[in-house]
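Engineer: Start counting the sequence shown at 7; every next residue gets the next number (the working numbering).
Keep in mind that the hints were calculated from the coordinates and are not lab data.
Among the hints, erroneous ones may be present.
Unchecked claim - Within a straight-line C-alpha distance of at most 25 Å, the following computed SDA-like cross-link-like pairs (lysine to any residue) qualify: (1) K37 <-> F122; (2) K92 <-> S8; (3) K32 <-> G77; (4) K108 <-> R19; (5) K96 <-> P75; (6) K37 <-> E129; (7) K32 <-> E132; (8) K121 <-> D142; (9) K92 <-> H9; (10) K32 <-> K96; (11) K37 <-> R19; (12) K32 <-> D68.
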Amino acid sequence: MSHIIIYTDGGSRGNPGPSGAGAVVKDLKGKNAASISAFLGTRTNNWAEYEALILALRATVDSFGTPVPHGVVVRMDSELIVRQMKGEYKVKHPVLKEQHTKVRVLIAESFPQIKFMHIPREENSEADALANEAMDRGV
């Protein structure tokens, strides 16, 4: 593996409702460098998706330093967030614009090589389980 791989997922039960973030950061050998499971309070699913990404990027910096010395591939099952991060979709909602800006700042500060990839939900099961565990703890 020549890249750090980040899997992220955010979810909300009720949208808005109790929400959680899950993420897994894999090192160059495919081993877990970080795992995140965070209850986020009452939020929308898209806000939770962004927050999962923010938490994962911060964990990657904590694990590898800044700037991150390797290429990074972020894999998410949220097509909306992936397309917004690639610049294919505009971010219209003001609260999501704030989240998007936080991600852009983190990328500018610490991630010289980063790509975003949309993956099917079944390929994101580990991050999904962590997000669901967080929601279970918070309810």
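Engineer: Take the hints in turn and mark each one as holding or not.
Structural biologist: These are the hints, each one checked on the structure:
1. K37 <-> F122: Given pair K37, F122 holds - Cα atoms ~20 Å apart, limit 25 Å.
2. K92 <-> S8: holds, 21 Å
3. K32 <-> G77: Status holds; Cα separation ~12 Å.
4. K108 <-> R19: holds, 24 Å
5. K96 <-> P75: violated, 29 Å
6. K37 <-> E129: holds, 16 Å
7. K32 <-> E132: Distance ~12 Å between K32 and E132 Cα, so the pair holds.
8. K121 <-> D142: Outside the cut-off at roughly 31 Å; violated.
9. K92 <-> H9: holds, 18 Å
10. K32 <-> K96: Not OK: K32 and K96 at ~29 Å, beyond 25 Å, violated.
11. K37 <-> R19: violated, 30 Å
12. K32 <-> D68: holds, 13 Å
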